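Position chain B against the provided structure of chain A, taking the given hints into account.
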Amino acid sequence: MDLKDKLVSSFMAFENNIDVEHPVHDVRIEAMKNFEIKGFPSKKEEAWKYTSLKGLQKIDFSIFPKQEKTLEYKDVKKYFIHDIDTYKIVFVDGVFSSHLSETTHDGVDICLMSSALTKPMYKQIIDVYFNKVASKDESLTSLNTAFSKEGAYIYIPKGKMPKKPVEIIHFATGNEASLLLQPRNLIIVEENAELQIIERHQSLTSNEVLTNSVTEIFAAKSANIDYYKVQNDSAKASLIDNTYVDQKDRSFVNVHTFSLGGKLTRNNLNFYQNGEYMDSTMKGVTILAEKQHVDHHTLVHHIQPNCESHQDYKGIYGENSTGVFNGKIIVDKVAQKTNAFQKNNNILISDKATINTKPQLEIFADDVKCSHGCTIGQLDEDALFYLQSRGIPKKEARALLMYAFANNVLESVRIPELKTRINKLIAKKIGVNLGFDL
Amino acid sequence: MLKINDLHARIDDKQILKGINLEVKAGEVHAIMGPNGSGKSTLASVIAGKEEFEVTKGKVVLNGEDLEGDAPEERAHKGVFLSFQYPVEIPGVSVTNFIKTAINESRKARGKEDMPAKDMLKMIRDKAEMLEIDRKFLSRSLNEGFSGGEKKRNEIFQMAMLEPKLAILDETDSGLDIDALRIVANGVNKLKSKDNAVVVITHYQRLLEYIVPDFVHVLHNGKIVKSGGKELALELEAKGYDWLKNEAVV
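As given, the protein sequences belong to chains A and B, one line each in that order.
Residues in the first sequence are numbered consecutively from 1, following our numbering.
Residues in the second sequence are numbered consecutively from 439, following our numbering.
With the rest of the complex left out, here is chain B:
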């Protein structure tokens, strides 16, 4: 599904990613953990194609296709989805209208007609129900005045609607109380299949109790310094990140 090879990226003159190697296969859940400033969110943004970041070396390959030079929307059309840590507020555009636009733009890019209104409505209704989203919520302006939990749930709702091949969840657990966390995690688990993959980026182990990863990677100073199974997350929770930092220096 996703192959990242010796990826280096910088913003302005600051080198942030310094040689990332990662392979994610269909059906897998990977967690990327690491202290603040280690490059987690940058990695997510680079995969999604944010133009501020310059890839100086290495590549990101999705299903055998090098994503270099692809605009963010083209990556989305190829099946990449990024759940934002800080979703942007768009006043005057309802959640429903926004998602309709997003879906139909993706269909257009794939040479398909707009989704029939009836099918769209049914899909919206089904996915909203799955994520315990109130109908009224869908007619509100996108993210405007949403609580932290509502914003994250809305991100997962968009993921459910867009049905990506690769979903990257960037700090989806931050700002969530335990109930909201459970709903969001349940949603992700229901969307998981043998044909798609999920990369969970998180600072804490908490979310991983609900979305159980197959692999855990620790990012530090722009590199993956340790990989392991789900038990690595527990070890990190107990010991913190300092022991890894020391290990990395050696």
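One chain only, chain A, in its complex shape:
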């Protein structure tokens, strides 16, 4: 049985364990219909031209983990930003781990989607927000919606700011030979409120894991959100991340994506600017080796006038790795005075590495500033000579230059301990071992 059939037939079993009378279930049923019609995207579709899911569909993924496994904090501590205090929403094989987590209802809600989707006190919010910005058309998002049950639920009321950042971590323990996870997150930040999130998916063994995640983010007027995605998973872990952001007037939303490992990673990052004077920032550092594959698909839809968007993606591709950057910017006719900037710079350090980069601009307004630039290159020879002339051997000099190339995307990271962590990860990936303290 192929994966699609397996998923479709599992839906009935899934229904046995949830409240099918809840209005959310109508949404799930609709989504399942869409997935059933469309199935997994194929390379024939323009949006999936360079990323094949064929291999993954041949794997016999477990859809419901059979038994729970507990993890000790000391064994997984290194995956947390443990040098600062954070709220934590932690899942082990898709199941919430209360002893690894630190949730709160103290003025803000940092808790679980399973509660939000079932408890009457959240019903009003779920009615307004659930599946409202996520695509009803895209088949993998529909697949996630159909099975939506668990994930992170965060609600920050007007003017509030949680005392500390929130870490959302999904561990896969290898309890199953191969595991499919479908976390569903809902994040609502009300007027003048703020939030910082660090998200990570971590497989602890070399068993196959496929995560098809959907995150909906709503930023109300003057809200401020920083979202950091740390992707440094095992060589058998694949991730399809579908993130949808709905922004209102004068809000700021920044998403940083650090793609440093994993088998296949697809980042679908979609911004809808439903208001004026707002700013959307998307930054990424991608450093790949072996046969790793990362595909960044961004969309910024400028719907109203006077808004800005900034995209800056840097990639370093070694060995047989492949990368894709597809950045789409739509500027509606009324969205005058839009400033939309997009940059994608890549370095190929192996003859066998590949990058496919494609800006896609659809501009219907006439008074806008839009720029885009893609570069694919090698390291600057003059810079290399400069470092060598100071006594730094060529290999180390190359590493140092790659480090510098990737590093400057990190300037906008506002959690210093996270910045240091990512810096060290980048240094490690590149093989900069020059003993400097970061």
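Calculated from the structure, these hints are not laboratory results.
There could be a bad hint or two in this list.
[Said to hold, decoys possible] SDA-like mimics (lysine to any residue), calculated; alpha carbons at most 25 Å apart, straight line:
| no. | chain 1 | residue 1 | chain 2 | residue 2 |
| --- | --- | --- | --- | --- |
| 1 | A | Lys428 | B | Arg545 |
| 2 | A | Lys394 | B | Leu600 |
| 3 | A | Lys395 | B | Glu582 |
| 4 | A | Lys419 | B | Arg545 |
| 5 | A | Lys394 | B | Ala676 |
| 6 | B | Lys516 | A | Ala383 |
Please read all numbers here as calculations on a predicted model, not as lab measurements.
Quick look at chain B alone, frame taken from chain A:
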């Protein structure tokens, strides 16, 4: 210290150096002057080992050792230092971390252990003070957003830290105001000793008022066309380069 013998070098198909002869002894300061395009910077790059240039004839000998085939880092380990006309910006790597790396790599190449952190810090502090460099400056990303003067001062700071035998200063005066020029020149003068040598490459005589050369050479069309004492620099300043060009044709 440095002996250059009938040096010819080219980039792609363009012959730039066409037979340079030069001897620099320990304790000496040499100035190499000449009009734009005469080959001054190429000479500096060839001595430092830039791979783009192909040496087609002749040789560069440092302390009796032919440098042919040596990579730039190997030349650095043997004591060659080039102060760049346009230092490269390296975001994300602080001046301190960069210089620590450079020093320890050179030590490694000489079979020495890393310099103890305490000694390194003291040395950094002393040299920074000598060059009137602010401590905050040292934690900034290397050359990123530096003014012209800051970049050049940083080059001399690196020279002070690396303690080369042969320092080549390529257009170190360009882009400097008079105060920055004085600080940079004072730094070079303090680093000068009977055991090392300095080659100053410059278009103008201005820098040579502060770093007084023992010898002045004029480079034109890939050759040294005239050598003399420090008074030659003044003569060039007054007359320009044209009279030498004519002389060279004859």
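Outcome of the hint check:
1. A/Lys428 / B/Arg545: holds, 23 Å
2. A/Lys394 / B/Leu600: holds, 18 Å
3. A/Lys395 / B/Glu582: holds, 22 Å
4. A/Lys419 / B/Arg545: violated, 31 Å
5. A/Lys394 / B/Ala676: violated, 44 Å
6. B/Lys516 / A/Ala383: Holds, because 21 Å separates the two Cα atoms, which is no more than 25 Å.
Checked against the numbered hints listed earlier, the structure breaks hints 4, 5; every other hint is satisfied.
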